[in-house]
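Based on these hints, arrange chain C on the given structure of chain X.
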Amino acid sequence: MERAGTEGVPIVVRNVHFNLGFDQSVKGRKEKFCTFINDYKINMFRLAKSILRNDDDAEDATGEAILKAYKNLDSLRSYASFKPWIMKILINEAYSLANQRKKVLYIEDMEIPEEKACSDLRELWSVVSHLDEEFRTITVLFYYEDMSIKEISKTLGLPSGTVKSRLARARQKLKVLLIEEWGHGING
Amino acid sequence: MDDRRFDNLLKSKAMNEPFSVPPEFSERIDSLMKNLSDNPPRLRKVPRKIFLIAAGFIVFASTAVASPVVSDMTSGVISYFNAPRDFKYLSQQAIYEQYNSQVGVSATDQGITVTIDNLAVDDNYINVFYTIKSEEPIQLLGDENDLKQWRLNWTAPIFWFKEDGRYIEPPAQNEVEAYLEDAYTLKGMQRFAVMGTLEDRMNLELYTDGIFGKEGQWHIPLSVDKSKVAVESLTVTPKLKAQVTSGWNGEYKHDITVEKVSISPFGNQIVISERAKNTFYQFVLKDDRGEYLTMIPAATYGGNFFTKATNSFEFLGGRTDMKELTLIPIVTGDDDDGLPAPKLVTVDIGNDPIPMPQGELGGFVMDKLEITTEKAVATFHQVGAVPIAEPNLIFLDEKGEQFDFDVYQNSYYNRETGEITITCTFQNATEEDISKVKKVGYFTRSTKLNEKEAIHIELSE
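Here the protein sequences line up with chains X and C, keeping their order.
Here the first sequence is numbered in our numbering, starting from 1 and rising by one per residue.
Here the second sequence is numbered in our numbering, starting from 1001 and rising by one per residue.
Simulated from the structure, these hints should not be mistaken for lab results.
All values reported here derive from a predicted model rather than from experimental measurement.
Don't be surprised by glycine CBs; every beta carbon is placed ideally from N, CA and C.
Accuracy of the hints is not assured; some may be wrong.
As the list claims (entries may be wrong) - Within a straight-line C-alpha distance of at most 20 Å, the following computed PhoX-like cross-link-like pairs (lysine-lysine) qualify:
1) X:Lys88 - X:Lys164
2) X:Lys150 - C:Lys1011
3) C:Lys1239 - C:Lys1308
4) X:Lys68 - C:Lys1308
5) X:Lys150 - C:Lys1148
6) C:Lys1034 - X:Lys30
7) X:Lys173 - C:Lys1013
8) C:Lys1214 - X:Lys30
9) C:Lys1439 - X:Lys175
10) X:Lys32 - C:Lys1013
11) C:Lys1343 - C:Lys1439
12) X:Lys164 - C:Lys1375
13) C:Lys1438 - C:Lys1375
14) C:Lys1034 - X:Lys32
15) C:Lys1308 - X:Lys173
16) C:Lys1286 - C:Lys1241
17) X:Lys83 - C:Lys1011
18) C:Lys1438 - X:Lys71
19) C:Lys1034 - X:Lys71
Unchecked claim - With the Cβ distance kept under 10 Å, some of the chain X side facing chain C (calculated, not the full set):
20) Ile37
21) Ile42
22) Met44
23) Arg46
24) Ala80
25) Val140
26) Leu158
27) Thr162
28) Arg171
Pulled out of the complex, with its shape left as it was, chain X reads as follows:
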C-alpha cells in the first residue's frame, strides 16, 4: 500500500494485512485470480526481467507463470500469501527459461549500449542491474516489492539468515554504486 506523506515523500505503509477472503466458488476463483494478477503483472514482469534481462523472455516467463499458477490454484491456501506465492512460481519459471536458453547474463557479460547507459544510470533500476545475480533478485523483492525478510525467505526458499546477509551485502554494493551516481549525500 503506497500513500503520500506530509512532505510529498511517498510513505509506504508496511506489513499491514487485511483479510481479503478465500473464495471457494468456481466463478469467484477465476475472477479473484485475474484481479490479483492484474495487480501484480507489472511487478512480475519486472522481477522476471531482473533475472532474464530481456523483454521477450521476461514476458514469456510471466505468461508461463500465470498459466502454471492458475493450474495449481489449489496450492494457494490464502490470498494473503498471493504475492510470495506467485513470485515464487515466477522465479522458478524464469530460471527454468534461463537454463533452457542459457541467457542468464552476468554483469561482466552484459552489454549496455553506451548512450542508453548514460541516460539510464540515474535510475535505481539501472544500478540494480549492475548487481550480481545472487543479489539482484533479493534487491528487487526487498526494495521494489517491499517484501519482508520472511516473505523473501519463503519465496526464494532460502533461510532468513541467508536472505539477511545477502541483503546486507547488496545494500553495501548499492551504497557504493549509488554514491557514484547520486553523490556522497546518501552516505551522510
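Chain C alone, transformed into the frame defined by chain X:
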C-alpha cells in the same frame, strides 16, 4: 545514512520509478487471462467411483428432507453462541435469538454432514447457524502465518440460496465466521445480504457444492415464514434512476438505480445497480434528522455496459420511522486524478479520545486504544461525513518511524451502538518493539460533497 533511512529512500525511489513494459504487454496478459478456463483445475479430484456412491447419499439426504421443515421466526437459543470466545456478532446475539427458527435438518455427502441448527431471516439478511461434522480431521485453509480466525473463516463453506426455486443473487461479500468444536466439528455462521426482496412465506433452499476441499452436493430445502420479523422492518424498492459523477474532477459518470433501501432488525442496506466497470461507491448517507450515517466497507461487484452489477451497502443508524434518506456523492479520487496527496498525520497515544479527521467533512474519533504484545484494540465512532472506509492505524515510534513487525487488521462494526472496533494482531513483535510504540498515524485526504447530485429517497411506498 543508516540502513533504515537508506532502505526507505530506495523503496520510495523504487515505488516512483517509471518502469516500461513492452508495447501491448498488458493487452496480451489480459488476453491470456481471458482464455483461462472457467473451472480452475482442482488438485483434490473425487474419483468417479466415490462420486457415484456419494450420489446415492445425495438422493437419500434429499429424500429425507423432501417435506420442507416449516421455519417460523420466533425466539430461541442459538447454540452457536455457547462457545466461550470472542465472536464478531456477539453484540447481535439478543436480536438473533429474538427472531430465529430452530431447524435441525441435515444433509450428508462425501463423509461430511451439514446440519442447519438455526435460521434467522428478515427483509435484508439470511443468517444461517450450522454445524459440520467430518469423518476426517478438518484441515484449515491458509498457512501457519495467517491468523487462526481468518483460516477458520476461509475453511467454512459458503452457502447459496434459492427462493421458491429461484436463485437469489449473492452479494459481493459474504460474511462468514466459524470455530472448531473439536478436530472433526466446525460450527459456523453465514450472514448473507439479500439484495432483492423475499416473500414473507417461501420455500428456501440452502446448498453448496464444496466443503473442506471436497466436491459434493449438500442441499437443504426449508419452508420459511418471516412475517413476524417483517413487521419490524421498513423496506422500499424505489427503482430510482439517477446520474452521478465520481473522481476528483468529476470524470466518471454513473447511471445508477437505487433498487432498495431497507431497515431491519438484522441490519440496514441500500442496494444500487449500474452497468459500468467502475462501481459507484463514493457517497455518504444522511438521515431525515441531518445525521450522516456510518457505512460499513465491503467488497463490490463491477459490471460492464451489458451486465448490470448490483451491490449492497450496509449502514448503521437507520430507523423504521425514517421518512427520507439522502444519498450525497462524495468527491475524492485516486492519485491519478490530480487530487491533492493524502497527508500522514501522527498523534501521540495515551490521551483518549483522539479525533482523527479523514478530511474536511468528518472522520473518526478514537475513543480507546489498548496495546499488548499480541494485539492492539482500538474503538472509534464516526463524526460527520466520511467516505466508505474503515479507520486506519499505523503504529509508529517516537520519531514517527514504522516498525518491521507484521500487523493483521480486522474490523467490526457494532450494529447497535455504531462503535467501530479495529483489532490489529501483531506477528513477530517483541516486547521491546511494543514498548517503543508512542504514536499512531492515519491519513487525511481532501473530500467534498456534491450536493447538486444528492438523491432524495422517500421511505414510504
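inquiry  = Please list, smallest to largest, the hint numbers that this structure does not respect.
reply    = Violated hints (numbers, rising): 4, 9, 10, 12, 15, 18, 26, 27; every other hint is consistent with the structure.
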